[in-house]
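> Spelled out, the chains give:
Protein chains: 2
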Amino acid sequence: MKTFEKIAVKDGARTELHDALHLTGAEISVNALPAGASVPFVHSHKQNEEIYCVLEGCGVIEIDGQKEQISAGEWFRVAPAAKRRIFAGDKGVKYICIQVKQGSLGGYTADDAIIG
Amino acid sequence: MKTFEKIAVKDGARTELHDALHLTGAEISVNALPAGASVPFVHSHKQNEEIYCVLEGCGVIEIDGQKEQISAGEWFRVAPAAKRRIFAGDKGVKYICIQVKQGSLGGYTADDAIIG
Chain A
1 MKTFEKIAVK
11 DGARTELHDA
21 LHLTGAEISV
31 NALPAGASVP
41 FVHSHKQNEE
51 IYCVLEGCGV
61 IEIDGQKEQI
71 SAGEWFRVAP
81 AAKRRIFAGD
91 KGVKYICIQV
101 KQGSLGGYTA
111 DDAIIG
Chain B
1 MKTFEKIAVK
11 DGARTELHDA
21 LHLTGAEISV
31 NALPAGASVP
41 FVHSHKQNEE
51 IYCVLEGCGV
61 IEIDGQKEQI
71 SAGEWFRVAP
81 AAKRRIFAGD
91 KGVKYICIQV
101 KQGSLGGYTA
111 DDAIIG
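Quick note, the sequences are listed as chains A and B, same order. Yeah, the first sequence ends on 116 if you go by this note's numbering, and it's all consecutive. Yeah, the second sequence ends on 116 if you go by this note's numbering, and it's all consecutive.
Hints listed in this document are in silico derivations from the structure and should not be mistaken for laboratory results. Please note that the accuracy of each hint is not assured.
Because identical chains share one entry, a pair is satisfied inside a single copy or across any pair of copies.
[Stated by the list, open to error] Derived pair list, reagent style SDA-like, types lysine to any residue, alpha-carbon separation capped at 20 angstroms:
#1 LYS94 <-> ALA72
#2 LYS10 <-> PHE76
#3 LYS2 <-> PHE76
#4 LYS6 <-> ALA72
#5 LYS94 <-> ASP112
#6 LYS67 <-> THR24
#7 LYS2 <-> LYS94
#8 LYS6 <-> ILE86
#9 LYS10 <-> ASP112
#10 LYS94 <-> GLY57
#11 LYS10 <-> TYR52
#12 LYS67 <-> PHE41
Using the sequences provided together with the hints, build the complete structure.
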């Protein structure tokens with residue numbers, strides 16, 4: 001496996017990075033929903049925690065039937081079993097979704113880094 | 001642990017999300033380096049793969065002594081053992097860094113999702 005791999009993400013409905021960057025600890029997607037659109041289904045996960053970042057626009061995420069407002073600059077975590085669905089607001093919404101295995105992180109930052 | 005947690009990331013040199021969102025599978029930071037600045041040290045990791053997204057601006061990442069250009073819209077993966085350091089370009093650089101344990105992801109997307 002290469003030490004460094006890079007791609008440019010172009011505008012589009014959805015770009016998945018796992019295969020493109022040969023990721024081994026996460027799947028990451030960059031998503032865009034136009035105004036009034038939504039992910040076409042509710043879903044939950046068996047093992048994976050999802051972390052989202054709203055890059056542009058705003059919308060609503062429905063979590064177990066409860067609506068939460070989301071807008072650019074916000075980050076949120078959704079537990080695996082939660083049933084979720086994202087709806088775009090009136091100017092659309094662009095967001096990142098990061099899928100990682102719940103409980104998989106060991107040490108990080110100071111505990112995992114080697115300086116120099 | 002809550003099903004859903006959300007925060008707004010404000011402008012600043014560095015915001016770390018692990019504790020703020022009670023993440024269990026990743027550490028994520030949102031970072032800004034002004035023009036001419038750099039991360040003040042070279043570092044590598046013991047176990048963690050890092051995935052970066054450049055949100056704004058451009059710069060250079062030095063990987064094991066080799067310089068690579070980075071700019072807004074690009075995503076890249078850095079293997080744990082690679083020695084890395086980021087330098088901001090002439091308008092600064094804003095980027096996300098996602099730290100996950102190498103090899104930790106099991107199933108994902110269709111293999112991990114439950115529809116409905």
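> If you check each hint against the structure, which ones fail?
Hints 5, 6, 7, 9 contradicted; others consistent.
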